[in-house]
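Trainee: Let's have the full structure, built from the sequences with the hints guiding it.
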Amino acid sequence: MKVLIVEDEKTLAYEMEDFLKKAFYICDLAHTIKDGLEKMESNSYDFILLDLGLPDGDGLSLLPKAKKHNPDAAYIILTARGNLEDRIAGLDLGADDYLPKPFSLLELQSRMQAIARRKFNVKEELLPLGDFQVDLQKRLILFQENQIELSRKEFDLLSYLFLHNNRVLTRMQLSEHIWGTFADDDYDSNYIDAHIKNIRKKLNVWAPADFLETVRGVGYRIRK
Amino acid sequence: MKLSSKLILFITSSKLVVVLLFVFSLPFLVSQIVSEYTNYSLRSQQDKVINVVQKNGIQHYLQGDDSYGSYTMLKEEYIALEPAAKNKHIDTIKTAQRIVERDTLTYRILIHTFNYDQKNYLLEIGKSISSINQYNKTLQKTALYVLMGLIALTLLIDLIFTRILIKPLGKIIKSKLINRKFPFKDYSPPVPTSTQDFKYLDESLILLMDQINEAFEKEREFTANASHELMTPISILQNKMENLLGDENLPESVVLKIIEMMKTLSRLKKISNALLLISRIENQQFVKSAHVKPSVLINEVLEEINHRLLDQEIELKVDLKTDQMLVNVNQDLLFQLFYNLINNAIKYNVYQGSILITDSHTPENGYSIMIQDTGIGIAEEDLDFIFDRFRKANLSENVGYGLGLSIVKSIAQYHDIEILVSSKVKEGTTFTLIFPAK
Chain A
18 MKVLIVEDEK
28 TLAYEMEDFL
38 KKAFYICDLA
48 HTIKDGLEKM
58 ESNSYDFILL
68 DLGLPDGDGL
78 SLLPKAKKHN
88 PDAAYIILTA
98 RGNLEDRIAG
108 LDLGADDYLP
118 KPFSLLELQS
128 RMQAIARRKF
138 NVKEELLPLG
148 DFQVDLQKRL
158 ILFQENQIEL
168 SRKEFDLLSY
178 LFLHNNRVLT
188 RMQLSEHIWG
198 TFADDDYDSN
208 YIDAHIKNIR
218 KKLNVWAPAD
228 FLETVRGVGY
238 RIRK
Chain B
328 MKLSSKLILF
338 ITSSKLVVVL
348 LFVFSLPFLV
358 SQIVSEYTNY
368 SLRSQQDKVI
378 NVVQKNGIQH
388 YLQGDDSYGS
398 YTMLKEEYIA
408 LEPAAKNKHI
418 DTIKTAQRIV
428 ERDTLTYRIL
438 IHTFNYDQKN
448 YLLEIGKSIS
458 SINQYNKTLQ
468 KTALYVLMGL
478 IALTLLIDLI
488 FTRILIKPLG
498 KIIKSKLINR
508 KFPFKDYSPP
518 VPTSTQDFKY
528 LDESLILLMD
538 QINEAFEKER
548 EFTANASHEL
558 MTPISILQNK
568 MENLLGDENL
578 PESVVLKIIE
588 MMKTLSRLKK
598 ISNALLLISR
608 IENQQFVKSA
618 HVKPSVLINE
628 VLEEINHRLL
638 DQEIELKVDL
648 KTDQMLVNVN
658 QDLLFQLFYN
668 LINNAIKYNV
678 YQGSILITDS
688 HTPENGYSIM
698 IQDTGIGIAE
708 EDLDFIFDRF
718 RKANLSENVG
728 YGLGLSIVKS
738 IAQYHDIEIL
748 VSSKVKEGTT
758 FTLIFPAK
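As they're listed, the protein sequences go chains A and B. Numbering-wise (the numbering used here), the first sequence opens with residue 18 and increments by one. Numbering-wise (the numbering used here), the second sequence opens with residue 328 and increments by one.
No lab work stands behind these hints, which were simulated from the structure alone. The model shown is predicted, which means the values in this text are computed figures rather than measured ones. Keep in mind that the hints are not guaranteed to be accurate.
Unchecked claim - 25 angstroms max Cα-Cα, derived DSS-like pairs, lysine-lysine: (1) B/Lys674 with A/Lys214; (2) B/Lys590 with A/Lys170; (3) A/Lys27 with B/Lys597; (4) B/Lys567 with A/Lys27; (5) A/Lys19 with B/Lys567; (6) A/Lys214 with B/Lys590; (7) A/Lys155 with A/Lys170; (8) A/Lys170 with B/Lys446; (9) B/Lys597 with A/Lys170; (10) A/Lys38 with B/Lys597; (11) A/Lys241 with A/Lys39; (12) A/Lys39 with B/Lys567; (13) A/Lys39 with B/Lys584; (14) B/Lys503 with B/Lys464.
Mentor: As structure tokens, then:
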């Protein structure tokens, strides 16, 4: 998948590029509206990550023109302004999602995947996870034909780890994903342990869930 | 007491004192004046008598008699003339009784001796006291009536004038102080007045409020800008750390250090976010158009926060009887408000404590919701500061970052919700939200 990152803060753009490249995305960078438009004219992208405060104008003004060149791309607005009007204006102009800065790259990637599933109609078969199968779209985890009952938060947790498989996610990253801005790091990280314990219990009934690893002192990882 | 009432009271009572003083001193004054006048008229009569005696000769009056006496028909006045001992010298005015034709009457009498043809004579001129006093009463009455009339007139004028005079002050107080809520956004025009002092007061108040507004505006702007400007560097740091953690070859000690850094960064992020949220609320950047039921909101909060309740085995009871609809509110903000209050009720509770959420609707107080916990409570001396930013009550452990209640306060203010807090250390705290009557 091809991604255009329109972000004037170069260090930030490089970090995003770095991260997305590892997740097998192909990235282009643009630091101004003009630059961004030029790239959009000559290339076709699946994702356009758009910062709003650009040196040569408001990123929002770029959106309608961008849609002309890349009507099928998914647009995600990234901004430090984070106010409601921007969000509404952005979504009105056809953006697919909105992430207020500072955001976690893991969160960005999981949103991109969610959009991809929704927008690009990626015909996702059931994805294997150990002896289990995961359906991210329908939010199901199956063992052969049996559906395993997980609570909403438990599934969120498992799918987040699953999306970022082979990567250790810290308790804080997990609780931030689950409870968003309401997460209270020191406080809620304990509940991650409780949830993981529950998930393991529910999975172990059917088959060993040893793909879900505890990394001592750090967090959890799904090993594939 | 209001200035106008004070002035009215003072003016009225001072006039009353004048009237009373006058009423009490009037008889004395009148009699004093009358007696002065009597003395004066007696003296002038004496001069006239001596003049006519000099002119006509004493024999003209004595006509061979020893003495001369004359009185008016009603015996109100008399004049007597008689020879006196040679060495007798009297010149006095006194009040004494005289028998005039078998009537004993009290007179004011002038007694005067004088020489005529080497002989000493005694002259007596008398005026009856009753004739002297006959005008006293009427005089007093008239004086009293005139005075009362004048006093009433001046009182009226005074009151009208003071009212006109201090009217601008009332206007200043009304337009500048009462009914004005901080921040003073609504423009209040200068109050027209010709009184220099009021003008000065009014101008100073306008100036002061402008200055306060400006300072407040600057602070708000600063908070918004600072927290906003912090977001980009925080983003960079966070993403760099995330990318670092993605490296599987890192030694464990480094990983742990990065995690610690991320935690610290997350704290910084939360503080910035909270400050930004407060300044956005204060800038009225949220639309208040939702209609929500408190029970719905509270259920949403509980869904989000339930795990914390379970962990502490805290019993939470929601007993909303009226379940009033809250109109023209911002749902996200109210969610945050209830979230923060319930979160605090859990955070500062004791193991196996309880939380009770109730509501009430009374005609006088309107609709209110109470959140009551059995937690550690807040010391009385800390109660005034719990809504201040970064101010935490003296707790043994450092919990939270001290902005939760500031956010609550901003949201409440934005919705005109009044918050009452009552607390007892080791017994618990009750937050009461009083919603505005719509």
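Trainee: Please list, smallest to largest, the hint numbers that this structure does not respect.
Mentor: 8, 10 and 14
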